[in-house]
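**Student:** Residues per chain are reported as follows:
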Amino acid sequence: MDKIIGIVNGVEFTIGTSLLELSYLLAALLFVYGLKLLSHPDTARKGNMWAATGMGLAMLTTLLLHKNSSGEGIALMNIWVIIVFIGLGSAIGWIVARKVKMTAMPQLVSVYNATGGAASMLVALLEYPHAVAGDIGSILVTILGLVIGAIAFSGSMIAYGKLDGKVGDIMKPFMTYLNLFLLVITFALSIYIIASPLPPTDLMWALYTLTALALLYGVMFVMPIGGADMPVVISLLNALTGVAAAMAGFIYGNQAMILGGILVGSAGMILTILMCNAMNRSLLNVIIGSFGGSSGVGSDSVDQTVREIALSDAAILLSYSQKVYIVPGYGLAVAQAQHLCHELDTLLEGKGVEVKYAIHPVAGRMPGHMNVLLAEADVPYEKLMEMDDANQEMANTDVVIVVGANDVVNPAAEDDPASPIYGMPIIKVLEAKNIIVMKRSMATGYAAIPNNLFYHPKNRMLFGDAKATLQKLVAEIKSM
Amino acid sequence: MEQVLTLFFEYKESIFIIALSIFLGVEVISNVPAVLHTPLMSGANAISGVIIIGGIILVGHSDLSTLSVDLVLGILALVFGTLNVVGGFVVTDRMLEMFKKRKK
Chain A
1 MDKIIGIVNG VEFTIGTSLL ELSYLLAALL FVYGLKLLSH PDTARKGNMW AATGMGLAML
61 TTLLLHKNSS GEGIALMNIW VIIVFIGLGS AIGWIVARKV KMTAMPQLVS VYNATGGAAS
121 MLVALLEYPH AVAGDIGSIL VTILGLVIGA IAFSGSMIAY GKLDGKVGDI MKPFMTYLNL
181 FLLVITFALS IYIIASPLPP TDLMWALYTL TALALLYGVM FVMPIGGADM PVVISLLNAL
241 TGVAAAMAGF IYGNQAMILG GILVGSAGMI LTILMCNAMN RSLLNVIIGS FGGSSGVGSD
301 SVDQTVREIA LSDAAILLSY SQKVYIVPGY GLAVAQAQHL CHELDTLLEG KGVEVKYAIH
361 PVAGRMPGHM NVLLAEADVP YEKLMEMDDA NQEMANTDVV IVVGANDVVN PAAEDDPASP
421 IYGMPIIKVL EAKNIIVMKR SMATGYAAIP NNLFYHPKNR MLFGDAKATL QKLVAEIKSM
Chain B
1 MEQVLTLFFE YKESIFIIAL SIFLGVEVIS NVPAVLHTPL MSGANAISGV IIIGGIILVG
61 HSDLSTLSVD LVLGILALVF GTLNVVGGFV VTDRMLEMFK KRKK
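Residue numbers (this note's numbering), protein chains in the order written: chain A, 1 to 480; chain B, 1 to 104.
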């Protein structure tokens with residue numbers, strides 16, 4: 001393994017180092033292949049396995065074959081220490097990932113994203129003192145890795161807190177300026193460090209200040225964002241973590257890290273843009289715009305009577321329909337009612353009713369979150385219709401049941417230019433013949449915008465916890 | 001200007017990789033159905049755990065004889081990286097397992 005087999009650009013290399021590079025190439029290819037398979041429902045699981053295999057391979061060969069600049073491999077003692085801590089991290093990661101409830105999935109993805117950002121930040125922090133003064137290229141990537149990693153870390157932790165209901169949305173008008181100011185001084189300090197001719201060890205104070213600034217910026221940048229914009233932010237933070245890892249890849253001249261990181265960065269960025277499009281907003285608008293700031297508009301223009309529907313009437317209405325659409329929202333997930341939803345759907349199908357689900361792209365707390373939850377409840381994914389397809393069928397639908405969804409069916413998005421969600425595509429439930437909204441109370445949705453749908457003559461309310469109501473409804477239909 | 005060109009020349013291979021990877025990421029993702037957005041994001045998140053290689057290199061070449069701040073931070077980076085990788089892939093698999101079950 002240590003046999004020198006050649007010299008490239010004046011650097012001798014051994015069998016081991018060339019094998020290591022070869023394994024990195026293989027790992028990078030597996031990342032691409034895995035991600036490709038991940039984007040098709042039939043092959044997704046295999047894709048995840050291949051990507052994981054690539055990661056395992058890269059980790060193993062690094063452990064066994066990596067040499068530092070003076071040609072020393074990783075000592076046996078260090079190998080053991082690494083194995084112990086990787087084992088520890090794996091055990092925790094594995095157990096938490098297996099145990100967590102499906103509804104808490106977005107939070108968990110946020111936390112894991114935070115750990116990735118933190119790792120990049122720490123690697124950059126530890127590598128910086130070893131940089132050579134004046135080597136602008138490597139100092140640049142180290143600083144970028146540090147700043148981006150730190151923002152991804154603290155931002156993801158705040159996103160986690162918000163999704164978990166531990167942190168509220170804080171939006172003050174001055175925050176936009178404060179954030180801009182923070183960004184400018186973070187940028188200025190980065191330039192100062194990169195351009196400075198001083199040896200890195202003399203600039204540690206600046207480095208620590210920069211780390212603190214970037215961490216603070218991450219917090220401040222996610223703080224005002226809430227409501228339907230949360231998925232966009234998570235996706236954006238995910239892209240940032242990828243970029244931070246790629247920057248660390250530059251420090252080590254490691255192509256697998258660079259390719260893997262950038263791949264995640266660009267894929268995450270596209271996903272972010274897709275989600276912004278789904279809400280008809282620009283990314284800039286999401287980041288600096290205030291959401292839910294101008295609520296309470298337009299709600300007084302209509303008659304405010306709300307009609308309720310009795311359970312038995314709802315049961316009859318549904319049983320004698322030909323086509324029923326269910327519009328699930330986060331409320332369904334919170335109430336853990338996805339299994340009951342499926343029960344209702346099979347029960348109705350048994351009576352010859354066609355039941356489908358209309359999934360809004362940003363329903364839930366993450367893109368596709370609803371699909372995962374319904375899949376957990378064994379709903380076949382052929383029944384999950386994307387918004388545009390569902391909207392085409394709305395006019396032929398007898399009953400639409402809205403379970404725990406609010407903003408994604410709010411007609412204000414179409415007819416009230418003053419509404420903060422104006423322009424966001426919605427599921428056009430008003431085109432259906434009847435609407436039943438299941439809701440705990442008349443409270444506004446996550447984005448805190450009033451919803452005139454509830455007062456519409458076509459609509460009937462079925463108040464109560466989604467799970468309890470569905471349970472009663474299922475029992476009612478069974479007893480018919 | 002000269003400095004920018006020097007930087008470009010010095011890192012030309014990596015810059016090529018970056019440019020092509022950006023394109024690749026966009027191409028690979030662009031046709032994904034909304035059903036898979038969450039698992040895809042989670043899977044991509046796990047891949048961004050490649051930073052763990054940095055953690056392995058850091059701890060691999062650090063001096064174990066004294067318990068320094070650097071060593072502790074390095075180990076922390078290693079554990080965080082592992083959490084990102086293992087947790088990320090396992091969570092993704094768990095989500096996808098549910099899609100699989102329905103396939104006849």
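Keep in mind the hints are simulated off the structure, nothing from the lab.
Warning: the hint list may mix true and false statements.
Stretches of chain A that chain B covers, calculated by requiring three or more beta carbons in the stretch to come under 8 angstroms of a beta carbon on chain B [stated by the list, open to error]: (1) 230-239; (2) 260-269; (3) 454-461.
Idealized CB from N, CA, C, for every residue including glycine.
**Student:** For every hint, state whether the structure bears it out.
**Tutor:** Against the structure, the hints come out as follows:
no., hint, in the structure
1, 230-239, "holds (count 3)"
2, 260-269, "holds (count 10)"
3, 454-461, "violated (count 0)"
Of the numbered hints listed earlier, the single one contradicted by the structure is hint 3.
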